[in-house]
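Below, each chain spelled out in residue letters.
Number of protein chains: 2
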Amino acid sequence: MIKVAIMGCGTIGSGVYEVIENNQAVLQKELGEEIRVAKILDLRSFPGTPYEKLVVNDISLIVDDPEISIVVETMGGTKPAYQFVKSCLLAGKHVTTSNKALVAAHGTELLQIAREKNVNFFFEAAVGGGIPVIRNIGTGYAGQVIEEITGILNGTTNFILTKMDREGASFEDVLAEAQRLGYAEKDPSADVEGWDTCRKIAILSSLAMDGEVDFEEIETEGITKIDTADFAYARKMGTSIRLVGSMLREEDGFSVFVGPMMVGMDDPLYSVSGVFNGIVIRGNQLGVTMMYGSGAGKLPTASAVIADIVEIAKNPARNVPFGWHAGKLSPKPAGARLHRFLVRFDGADAAAAQKTAEALGAKAPVFPDGGAEFAVLTEALTKDELKEKLAAFPNVKKYIRAALNGIA
Amino acid sequence: MIKVAIMGCGTIGSGVYEVIENNQAVLQKELGEEIRVAKILDLRSFPGTPYEKLVVNDISLIVDDPEISIVVETMGGTKPAYQFVKSCLLAGKHVTTSNKALVAAHGTELLQIAREKNVNFFFEAAVGGGIPVIRNIGTGYAGQVIEEITGILNGTTNFILTKMDREGASFEDVLAEAQRLGYAEKDPSADVEGWDTCRKIAILSSLAMDGEVDFEEIETEGITKIDTADFAYARKMGTSIRLVGSMLREEDGFSVFVGPMMVGMDDPLYSVSGVFNGIVIRGNQLGVTMMYGSGAGKLPTASAVIADIVEIAKNPARNVPFGWHAGKLSPKPAGARLHRFLVRFDGADAAAAQKTAEALGAKAPVFPDGGAEFAVLTEALTKDELKEKLAAFPNVKKYIRAALNGIA
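Protein sequences appear in the order of chains A and B. Remember, our numbering sits 86 above the position in the first sequence when you count from 1. Remember, our numbering sits 86 above the position in the second sequence when you count from 1.
One should not assume that every hint holds.
Copies of the same chain look alike in the list, so a pair counts if it works inside one copy or between any two.
[Said to hold, decoys possible] Straight line, CA to CA, 25 Å or less: simulated BS3-like cross-link-like pairs of lysine-lysine:
1) K418 with K469
2) K89 with K414
3) K249 with K322
4) K125 with K139
5) K400 with K203
6) K311 with K322
7) K172 with K483
8) K483 with K165
9) K139 with K384
10) K125 with K89
11) K414 with K115
12) K115 with K203
13) K115 with K418
14) K469 with K441
15) K400 with K139
16) K172 with K414
17) K249 with K484
18) K483 with K473
19) K441 with K322
20) K384 with K272
21) K473 with K400
22) K449 with K473
Simulated from the structure, these hints should not be mistaken for laboratory data.
Extracted from the complex, chain A is given alone in its bound form (with noise of 0.2 Å):
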């Protein structure tokens, strides 16, 4: 029998609890062995649960015992994660987290560990929920050099920007419905500013570039910025908003942002609405390919970290190649990187719209249908070309970057 050990019996943790038991018969079947989670280490007690007499206080009881084998950790934050992990790596015990918080910040001493006692560390739940990604970077894109990662990594903030979309409704209206829903925080700041899905770009840029990107060093911005209005021009070009963390490899290095970004129907993001997620790769002699599906909840996130326990046990006595490599990368300014931008100007008069157009590289200039404004969609360009050009504009209001390809 393989003990399965799990540290935080939170959503995600119980949620493996339950995957196991649930599923155990197929997981039997692929293991050739029964698996079971023979200890939980939570502060609190769960009465009336099946996992009830399962619960212990103290990691050592996890660490020192002999018969697991495998670790969950689905605690979250860094304090005592980290900690808890690295002694149960130090111990010879394998270990799959769903933490991102851990992997962004520690992942590559973890990674080192885990090599160095010939054990493994498994992350697959700590981006995209069930999306099997991390994984897929490394087997279906071996031999494969990775240009980019465009992906939507939050489902709270895709879930808000889809209903600003197809409602019409303000950003503090459908946070405030979201979070009734339990699909936002009550302080919501890492979905709403980006930091949740900057850890997991960073993680994913990691992977890419065989390196480490610290998620520290990536342009982050939020949603909370983005209007009705907004989202009113991107219906008339034909296209929506998402918020985005990106990564695209460049001449001598890579780029990497956090931030909204006009898609238009033909880019396989725009469908990806509510709170699921979509991760686009693209491979250099691959092309575009982009995996969808649930990004966070219980049994989702949970499978993934199932996913990850069946190939540890599949491979108990060795490390499976996983991760990347010591060694900082340092990803280039973002402002270098080629995009569109939808940029909003005050004032109503055509001719010096249309002039605007023009200087931007833009076909024509849109028009809300009320308001002294308008907008153009800029030719390709970078941000630090686009702030230089909207210098000699003093009614600039805002812009936004938009998918250099798929908008008409």
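Starting from the structure of chain A, add chain B where the hints point.
Same frame as chain A, now just chain B:
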């Protein structure tokens, strides 16, 4: 140095050569050694190409060459591909193929031989072109009960249907254009009759059910009868029509069909347009995921072969769990599966149409912009139930499956 042989130097075969050359640096980094194509089996010669001198005409020069450890089969068809692949496996060589006909017809036996000889028989490129769907089912969905796979698996027919939808063009006109563009064969039967999709969903079903699903037992219908009026109704209902292959796990077995299906705007398959493929996989704990990408094409398909080669090269001395096991599994009749249906009727009488709609659990009949007919979108029922109900209506023109979820 790892030496590879390619059997069949057509589009995919020459693509494999190209990707190995183009991505030699990344391959060497991943494998820790050089990897080169050593021989290419083809009856033609290729003067002026960089691989001119690699061409051999005799299979025994590959089978008997102890230096060649990996053989790529990209000949297509089953004769002589089956005999050649079998000989290579029996000689202890790993094989990867892009040949869905071979895998659908002989996969079970070839997988078994590979296990006995402790080598690998991989076929990532046989379904979904560059989309790493096959490997994903085995790893990303590990520990999961796969309840449904529904995919747009043929780029040619998807190109045709997308064009028909967007331009209101007829099947015949778009087919002729697709042939001009090289997206459709001169004899397009394998695509437009659904046979290609049939073999692919047979392979995916075999993987999901872990047994041999005979493609000849799958109810298969193509797109030749889809007309502009069908699309006009679909658009009025906020949907589109796609050719899908679909497997559903049922109480005591599974069912499979290939045929046109209406999908709503929130269906992840709705946005899979043009020559792209998209494959929805639903796990019992994971929920819905979709993989999207180039379903065909030289370099995408060759890239999938390369991913196989990398996994082989990393596991040179063992049979990696892959594919399905022996044992024939017969699908249940697809007529017992629940769907909704778009049903078209002759007649323009509003009251009669309303009565028809009610009899089929539809909200209201939909009338075209011209012509003495109407259509209804039924409630959920099986095809067998539908046929029984339609027996009372002598004015039935035709019906098309519609997705159970996602249509208002």
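Tested hints:
1. K418 with K469: Only inside one copy: K418 and K469 sit 13 Å apart there, 57 Å across copies, limit 25 Å.
2. K89 with K414: Cα proximity of K89 and K414: none, with 36 Å in one copy and 34 Å across.
3. K249 with K322: both (17 Å within a copy, 23 Å between copies)
4. K125 with K139: Classified as within; 8 Å inside a copy, 62 Å across copies.
5. K400 with K203: Intra 17 Å, inter 20 Å, cutoff 25 Å: intra and inter.
6. K311 with K322: Cα proximity of K311 and K322: one copy only (19 Å, versus 35 Å across).
7. K172 with K483: For K172 and K483, neither the intra-copy (49 Å) nor the inter-copy (67 Å) Cα distance is at most 25 Å.
8. K483 with K165: Classified as neither; 42 Å inside a copy, 66 Å across copies.
9. K139 with K384: within (22 Å within a copy, 57 Å between copies)
10. K125 with K89: within (8 Å within a copy, 48 Å between copies)
11. K414 with K115: between (41 Å within a copy, 18 Å between copies)
12. K115 with K203: Between copies only: 23 Å across, 29 Å inside.
13. K115 with K418: Between copies, since 23 Å is at most 25 Å while 48 Å is not.
14. K469 with K441: within (20 Å within a copy, 60 Å between copies)
15. K400 with K139: For K400 and K139, the Cα distance exceeds 25 Å both inside one copy (28 Å) and across copies (43 Å).
16. K172 with K414: Classified as within; 20 Å inside a copy, 47 Å across copies.
17. K249 with K484: The answer is within: 22 Å in one copy meets 25 Å, while 37 Å across copies does not.
18. K483 with K473: within (12 Å within a copy, 60 Å between copies)
19. K441 with K322: Within one copy only: 20 Å inside a chain, 39 Å across chains, cut-off 25 Å.
20. K384 with K272: within (19 Å within a copy, 50 Å between copies)
21. K473 with K400: neither (53 Å within a copy, 48 Å between copies)
22. K449 with K473: Only inside one copy: K449 and K473 sit 19 Å apart there, 53 Å across copies, limit 25 Å.
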